[in-house]
Amino acid sequence: MIPSIAEAAALIAARKLSPVELTQACLARIEAMDGTLHAFIRLEAESALAAARAAEVRIMASGPRGPLDGIPFAHKDIYCTAGIPTTAHSKVLQGHVPSADATTVAKLAAAGVVMLGKLATHEFAFGGPSFDLPWPPARNPWNPEHFTAGSSSGTGAAVAAGMILGGTGSDTGGSIRGPAALCGITGIKPTYGLCSRAGILPLAQSLDHAGPMAWTVEDCAILLQAMAGHDAADPASADRAVPDFRAELGKGVKGLRIGLIRHFHEADNPVSPATLAGIDAAADFFRAGGATVRDVTIPSLAAFNACGWIILLTEAFAVHETWMRRDPSLYGELMRDRLVLGGLLSAADYMQAQKQRRALIAATEAATADCDILLTAAQPGEAPRIDAVPKWAFLEKPNFTMPFNVTGWPGITVPTGFGDGGLPVAMQLVARPFAEPMLFRAADAYEKAHAWRSRRPALSAA
Amino acid sequence: MPPTMTEAEFEALLSRAGLPLGAAEKAGIYQILGGLEAMQALIRTPLPEAAAEPATTFSAEPGR
Chain F
1 MIPSIAEAAA
11 LIAARKLSPV
21 ELTQACLARI
31 EAMDGTLHAF
41 IRLEAESALA
51 AARAAEVRIM
61 ASGPRGPLDG
71 IPFAHKDIYC
81 TAGIPTTAHS
91 KVLQGHVPSA
101 DATTVAKLAA
111 AGVVMLGKLA
121 THEFAFGGPS
131 FDLPWPPARN
141 PWNPEHFTAG
151 SSSGTGAAVA
161 AGMILGGTGS
171 DTGGSIRGPA
181 ALCGITGIKP
191 TYGLCSRAGI
201 LPLAQSLDHA
211 GPMAWTVEDC
221 AILLQAMAGH
231 DAADPASADR
241 AVPDFRAELG
251 KGVKGLRIGL
261 IRHFHEADNP
271 VSPATLAGID
281 AAADFFRAGG
291 ATVRDVTIPS
301 LAAFNACGWI
311 ILLTEAFAVH
321 ETWMRRDPSL
331 YGELMRDRLV
341 LGGLLSAADY
351 MQAQKQRRAL
361 IAATEAATAD
371 CDILLTAAQP
381 GEAPRIDAVP
391 KWAFLEKPNF
401 TMPFNVTGWP
411 GITVPTGFGD
421 GGLPVAMQLV
431 ARPFAEPMLF
441 RAADAYEKAH
451 AWRSRRPALS
461 AA
Chain L
1 MPPTMTEAEF
11 EALLSRAGLP
21 LGAAEKAGIY
31 QILGGLEAMQ
41 ALIRTPLPEA
51 AAEPATTFSA
61 EPGR
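Protein chains in written order, with UniProt numbering: chain F, 1 to 462; chain L, 1 to 64.
Derived by calculation from the structure, the hints in this document are not laboratory data. Note that the coordinates shown come from a computational prediction; the quantities given were computed from them, not determined experimentally. Any given hint could be a false lead.
Below are the DSS-like pairs computed for lysine-lysine, each with C-alpha atoms no more than 27 angstroms apart in a straight line [as the list claims (entries may be wrong)]:
#1 F:LYS107 / L:LYS26
#2 F:LYS397 / F:LYS16
#3 F:LYS391 / F:LYS251
#4 F:LYS91 / F:LYS16
#5 L:LYS26 / F:LYS91
#6 L:LYS26 / F:LYS397
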C-alpha cells in the first residue's frame, strides 16, 4: 500500500513507519517503473537515503518537525536546487548547477522532505511532449502510451505511480492542474503571489504560479502550508499572513455557494461524457450536502485564452530572446516554434492583452460576487495518446485552466472517476483570491465521500 | 484558419525579432498563424475601456 502524506506522517510520528523504509520503498518503485514512465530526469538516491536516515534519527530523538518530516518528495526540474543540476529538461541548460535553492525548495527542505531527485517537465515548462530533448517525456502511469499533460508531467506521473508522496509543480496556463487531472491526482494552483517563484525558472512572470501536487487534497494542503509565505525575493509575493490550510477540512459543504460555469464545459469547449458526468455528479453531491449550486456566466473561454496566451507568449519570448537569437537549434522543435510566436507579437498586442486582463477580472468578480466556489472542467476528457498530442493544441481549442492564471484565483483539480478508456477524469474547483482554506474544504469533502483515492494505476501495483 | 498576413510580412516580423529560422520551420509556423491572428483580434474585441489600463508595474509611492 502506498500511503498518503497524512497517513505516512501519522505513522512516522507514532514511530510505526521508518522514513528510511518509506524512502527505500519509493526508490524500489522508481527502479521498477521509471524505465517505462520517465518521470525522473535525475535521481539522487544516495543523498535521499542519507536524508531519510537523518530524519529517522531526528524523529527518534525528538519527534518530527511536522507532517513532512521524512516524506519522499521530488521537484520539477525548473526549481533550482543548490549543487544539483537544474535543466528545465532542456539542452539549453544541460550542466546548469545552481548555487542556491529556490525559496520553496529551501522551505520544503526545512520542513523535512526527503528529496529523491528532479522530475521531468515540458521544456522550460512549455515545450512538450517532446521527443527531441536530452531526456524523454514522462508517460501516464494509467497507460504509458498516453499523455500526462504538462508541463509538470514528471510530478503527475511520479505521484500517481507512488514513486513519491508529493512534488512541486508550476502553473502558467494549467501546468499543475492539467497533469493532476490526466494522471488522476490532486494539484493546486494557489492564488498568484501566495508561493514565492524566486529560484524557479520563469515561463511568463505575470502568469507563473508555484504549487504542490499530491495524491489527496489534504496532502496538497500540508504541502502548501510549507511552501506559502511572503518572500521579498519575488516581486509578486503577497505580504500577508499564511492561514492554516487544513483549518476548514471536515466542515462539510453546508452553506457553501457554488457557481457552476456550465458554458465553459458544455458550450465553449464541450467535454467528454465521463467528464461531464463527473462534474454533474459533483454538483449533485454539493447540493445534497447543503450547498447552493447555480449556473454562472463569465467571459468566454476563448476570451480568457486569447488574453492569457498573448501575455504568455510575449513574456516567454522576452525570457528566451537572447538564446533564441543566438542559436534556436538548442531548443526542441515544440518549444522553439512556440517561442517564435511570441517574437511576432507587438508591444501593442501585449498592452491590449493586459487591458483585457483587467476587464476580464472585473467581469468575473462581478458575475461571481455571491459565490464561494466555482466548478467547471479541468481537462476536456481522458488523456490522449502521447503520440497524438497536437503541436498547436493551444491555438485550436481554449483550455479550462488559463482563465484562473489570468485572474490569479486559486484552482484545484480533483479526480471524479474514469472514462471509457480506463483513464482518470477530473473537475476543477476555484475560489476567490486567498480563499484556499475554503477551496480545500470543498475539495476534501467531495474526495472523502468518493472512492476514487482507493485505486492506483495497475502498473504501480505490479 | 489561413493567416491574413502575407509571407513577406511574416518574414519582416521574423527579421524584426532577430530569429534565424530555416525554410521548413518558417513554412510550418506560417501555416498556423491564423490561430494567433484570431487571438490578436479577440484581445481587441471589445477594446477595453480606459479604466482597464494596467498601470500596475510602477508607482512613485514607496512600498508599492
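Okay, the hints, checked on the actual structure:
no.: 1; hint: F:LYS107 / L:LYS26; verdict: violated (44 angstroms)
no.: 2; hint: F:LYS397 / F:LYS16; verdict: violated (50 angstroms)
no.: 3; hint: F:LYS391 / F:LYS251; verdict: violated (44 angstroms)
no.: 4; hint: F:LYS91 / F:LYS16; verdict: violated (44 angstroms)
no.: 5; hint: L:LYS26 / F:LYS91; verdict: holds (22 angstroms)
no.: 6; hint: L:LYS26 / F:LYS397; verdict: holds (23 angstroms)
Consistency note: the structure conflicts with the earlier hints numbered 1, 2, 3 and 4.
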